[in-house]
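Which chain is which? The protein sequence lines are A and B, in order.
Per the working numbering, the first sequence starts with residue 1, numbered consecutively.
Per the working numbering, the second sequence starts with residue 1, numbered consecutively.
If you are wondering where the hints come from, they were derived from the structure by calculation, not from laboratory data.
Honestly, I wouldn't trust all of these hints.
[To be verified] Quick list of the computed label-pair ranges, beta carbon to beta carbon:
1) 7/B - 23/A: 41 to 47 Å
2) 127/A - 11/B: 34 to 40 Å
3) 183/A - 14/B: 33 to 39 Å
4) 14/B - 98/A: 17 to 23 Å
5) 8/B - 176/A: 23 to 29 Å
6) 209/B - 97/A: 44 to 50 Å
7) 10/B - 95/A: 22 to 28 Å
8) 182/A - 63/B: 45 to 51 Å
9) 212/B - 95/A: 42 to 48 Å
10) 17/B - 4/A: 34 to 40 Å
11) 51/B - 194/A: 54 to 60 Å
12) 293/B - 95/A: 24 to 30 Å
13) 7/B - 195/A: 48 to 54 Å
[As the list claims (entries may be wrong)] What the simulated footprint calls covered on chain A by chain B, stretch by stretch (three residues with Cβ under 8 Å from a Cβ of chain B suffice, anywhere in the stretch; the number is not a length):
14) 67-79
15) 125-133
16) 150-160
17) 168-174
18) 224-234
Glycine is no exception: its CB is placed at the ideal position from the N, C-alpha and C atoms.
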Amino acid sequence: MKLTRSALILLGLLGLLLLAAILGPIWSPYDVGELSDNHLLPPSSHHWLGTDLHGRDLLTRLMYGARISLLVGFVGASISLLVGVVYGLIAGYTGGRVDNLMMRFVDVLYALPRIVLVIVLISLFDLKLKAMLDGTLFAPFATHARLLLLFVGLGLVEWLTLARIVRAQVLTIKERPFVLSSRLIGQSTPVILVRQILPQVLPIVITYLTLALPAVILEESFLSFLGLGVQAPLASWGTLLADGASMLNPVETPWWLIVFPAAVLVGCLLLFNLLGDQLRRMGADAGR
Amino acid sequence: MLSFVTRRLLSSIPVVLAVLALCFLLVRIAPGSPFATERALDPRTKAMLEEKFGLSGSLAEQLVRYGGNVLRGDLGDSLKFRGRTVAEIIGQSLPRSLLLGSISFSLALGLGVPLGAWAAAHYGRKTDSFLNSVALLTLSTPTFVLAPVSVLVFAFGLKLLPPAGWGTLSQLVLPAICLAIPFIGVCARLTRGGLLETLGSDFIRTARAKGVTETKLVYLHALRPAVLPLVAYAGPLAANILTGSLVIEEVFAVPGIGQFFVNGVINRDVFLVSGVVLVYCLLLLLFNLIADWLTALLDPRIRAAS
Numbered sequence: 001m002k003l004t005r006s007a008l009i010l011l012g013l014l015g016l017l018l019l020a021a022i023l024g025p026i027w028s029p030y031d032v033g034e035l036s037d038n039h040l041l042p043p044s045s046h047h048w049l050g051t052d053l054h055g056r057d058l059l060t061r062l063m064y065g066a067r068i069s070l071l072v073g074f075v076g077a078s079i080s081l082l083v084g085v086v087y088g089l090i091a092g093y094t095g096g097r098v099d100n101l102m103m104r105f106v107d108v109l110y111a112l113p114r115i116v117l118v119i120v121l122i123s124l125f126d127l128k129l130k131a132m133l134d135g136t137l138f139a140p141f142a143t144h145a146r147l148l149l150l151f152v153g154l155g156l157v158e159w160l161t162l163a164r165i166v167r168a169q170v171l172t173i174k175e176r177p178f179v180l181s182s183r184l185i186g187q188s189t190p191v192i193l194v195r196q197i198l199p200q201v202l203p204i205v206i207t208y209l210t211l212a213l214p215a216v217i218l219e220e221s222f223l224s225f226l227g228l229g230v231q232a233p234l235a236s237w238g239t240l241l242a243d244g245a246s247m248l249n250p251v252e253t254p255w256w257l258i259v260f261p262a263a264v265l266v267g268c269l270l271l272f273n274l275l276g277d278q279l280r281r282m283g284a285d286a287g288r
Numbered sequence: 001m002l003s004f005v006t007r008r009l010l011s012s013i014p015v016v017l018a019v020l021a022l023c024f025l026l027v028r029i030a031p032g033s034p035f036a037t038e039r040a041l042d043p044r045t046k047a048m049l050e051e052k053f054g055l056s057g058s059l060a061e062q063l064v065r066y067g068g069n070v071l072r073g074d075l076g077d078s079l080k081f082r083g084r085t086v087a088e089i090i091g092q093s094l095p096r097s098l099l100l101g102s103i104s105f106s107l108a109l110g111l112g113v114p115l116g117a118w119a120a121a122h123y124g125r126k127t128d129s130f131l132n133s134v135a136l137l138t139l140s141t142p143t144f145v146l147a148p149v150s151v152l153v154f155a156f157g158l159k160l161l162p163p164a165g166w167g168t169l170s171q172l173v174l175p176a177i178c179l180a181i182p183f184i185g186v187c188a189r190l191t192r193g194g195l196l197e198t199l200g201s202d203f204i205r206t207a208r209a210k211g212v213t214e215t216k217l218v219y220l221h222a223l224r225p226a227v228l229p230l231v232a233y234a235g236p237l238a239a240n241i242l243t244g245s246l247v248i249e250e251v252f253a254v255p256g257i258g259q260f261f262v263n264g265v266i267n268r269d270v271f272l273v274s275g276v277v278l279v280y281c282l283l284l285l286l287f288n289l290i291a292d293w294l295t296a297l298l299d300p301r302i303r304a305a306s
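One chain only, chain A, in its complex shape (with noise of 0.2 Å):
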């Protein structure tokens, strides 16, 4: 597969934004929990993006807010991956009623407020999650117990439309001659899954990864900004978009504590979905 000119530049964008987030707060001079007495302060040449209520660094903040943002949408959208691929994969090859009875469950979650669901589960096994860690070899991750159940639970909101899209790949699949054969020669369900169907939905499945991937990003922003998502001392943008809009008032607005994580957010949403749109149109047309 050849990259097209504006595949190459978006990549190259991408890499730019990994590059922000991975090495962007060891070269800021502030620390991101570092308070200051420079409260509210606009942009200038010693913040360039300005400062928050407390006098932190607009910047250092965003970049450490890029570090959880982007690490919720690939373990999630990496969850949502798993999990539909296997899905769709037992569906599509057992066939007939477990299939059926398979795909019905999906189109009932289809028709259900899962975010809704995803937020009463978040916001109240928090807690319940960090009591069980704790004591446990894993403590040290229970002060991110939040974070967890965010990868879990975005990642099993996006599952469906990949289970639907991987099991109609394979109702067609293993139908073929190879598939076919390699049953008669005695493969196992298990060897001729991973082997042979496997590889031939591992394009669409990449494919589909540029999709999920910005729906868990807004998701996690989404669920942040009503601030039920991440929680202090971390912050992802939505988290930082939120602190902004809270200190909306009609006297003097802050104005660069709402534009700068707005934009921030919706440069990297697009971002994942012109690259998506490029792996789509070039996969078309791969496939003709």
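Knowing the structure of chain A, use the given hints to seat chain B on it.
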């Protein structure tokens, strides 16, 4: 047709009950009590309160009691908003959310479909790629980003519209538009995709051969089968507008059902949360039912099959 609707309604009942039970149990198992206050609560007072609201006994007993009440049409009392029943709260707040949601729903479809059709009619030309970029931009701009930015610009910057509140027509403008914009792009893309597929089919070639003008071809002949993917999206669209409404109500201080839901979750207000989830579930199931029914109405092939 009637049997299709009854069958769907009947098969939805266990789903709704399962979700309701799950939600009730989740809130009850969760740490934290709906009766918690600043001071530590005396265990005897707590027991009395639980007794009063029907939350005493084992979880199974509570669930059975609640389920029975719901089936009899009683959604219980709010635990935090004392003296108000859940039915009363929903009855007051739901119409506001529905009004806002339906305006945004109409906006998303009313602007998205023509834009998508326009792009498809100019396939491969400058108009098409421009409209595509616009669609991509709107669907990458989530509601919760638009809301604070638009308040900043249109309410405080230009002083054109009120920043928050509920009751007057001008207070509706910003929330409705913010809620609709992300979905305009989605609708436009679905319409464009559907149209491009339809425009390649045989009956369009026939129509073109007998001399139908290009405009009529796109907007009259092709549009009907082309909106099918859009109709299928109506259910998820309703769901997205519903969740988007949570943020909009927060930012614009709209006293809708979403505000009560978010507060309810934080306060462990078990009857309020379960009641609102029940309403959300019913709404979405209804929307999916209408969408499926419309699909059958618009697509002669499915109509013949059922």
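Evaluated hints:
Between residue 7/B and residue 23/A, the C-beta spacing of about 59 Å breaks the proposed range 41 to 47 Å. Between residue 127/A and residue 11/B the beta carbon distance is about 37 Å. The supplied range of 34 to 40 Å therefore holds. Residue 183/A and residue 14/B have their C-beta atoms about 37 Å apart, which keeps the hinted 33 to 39 Å range intact. Distance hint check: the CB atoms of residue 14/B and residue 98/A are about 20 Å apart, consistent with the given range 17 to 23 Å.
A hinted range of 23 to 29 Å for the beta carbons of residue 8/B and residue 176/A is inconsistent with their spacing of about 36 Å. Taking 44 to 50 Å as the suggested C-beta distance range, the pair residue 209/B and residue 97/A conforms, at roughly 47 Å. For the hinted restraint 22 to 28 Å between residue 10/B and residue 95/A, the CB-CB distance of approximately 27 Å keeps it satisfied. Between residue 182/A and residue 63/B the beta carbon distance is about 49 Å. The supplied range of 45 to 51 Å therefore holds.
As the Cβ distance of residue 212/B to residue 95/A is approximately 44 Å, the hint placing it in 42 to 48 Å holds. Between residue 17/B and residue 4/A, the C-beta spacing of about 51 Å breaks the proposed range 34 to 40 Å. As the Cβ distance of residue 51/B to residue 194/A is approximately 57 Å, the hint placing it in 54 to 60 Å holds. Roughly 29 Å separates the CB atoms of residue 293/B and residue 95/A, a value that falls within the hinted 24 to 30 Å.
Taking the beta carbon of each, residue 7/B and residue 195/A are about 42 Å apart, not inside 48 to 54 Å as hinted. Under a criterion of three residues with beta carbons nearer than 8 Å to beta carbons of chain B, the stated coverage of the stretch 67-79 of chain A fails, only 0 such residues being counted. With a cut-off of 8 Å between beta carbons, the stretch 125-133 of chain A has 4 residues touching chain B; three or more are needed, and the interface restraint holds. Requiring three or more residues with a Cβ within less than 8 Å of a Cβ of chain B, the coverage given for the stretch 150-160 of chain A is violated, as only 0 such residues are present.
Counting residues of the stretch 168-174 of chain A whose CB lies closer than 8 Å to any CB of chain B gives 0, so the stated coverage by that chain is violated, three being the minimum. Counting residues of the stretch 224-234 of chain A whose beta-carbon sits less than 8 Å from any beta-carbon of chain B gives 3, enough to reach three: the coverage restraint holds.
Hints 1, 5, 10, 13, 14, 16 and 17 from the earlier list are contradicted by this structure; the remaining hints agree with it.
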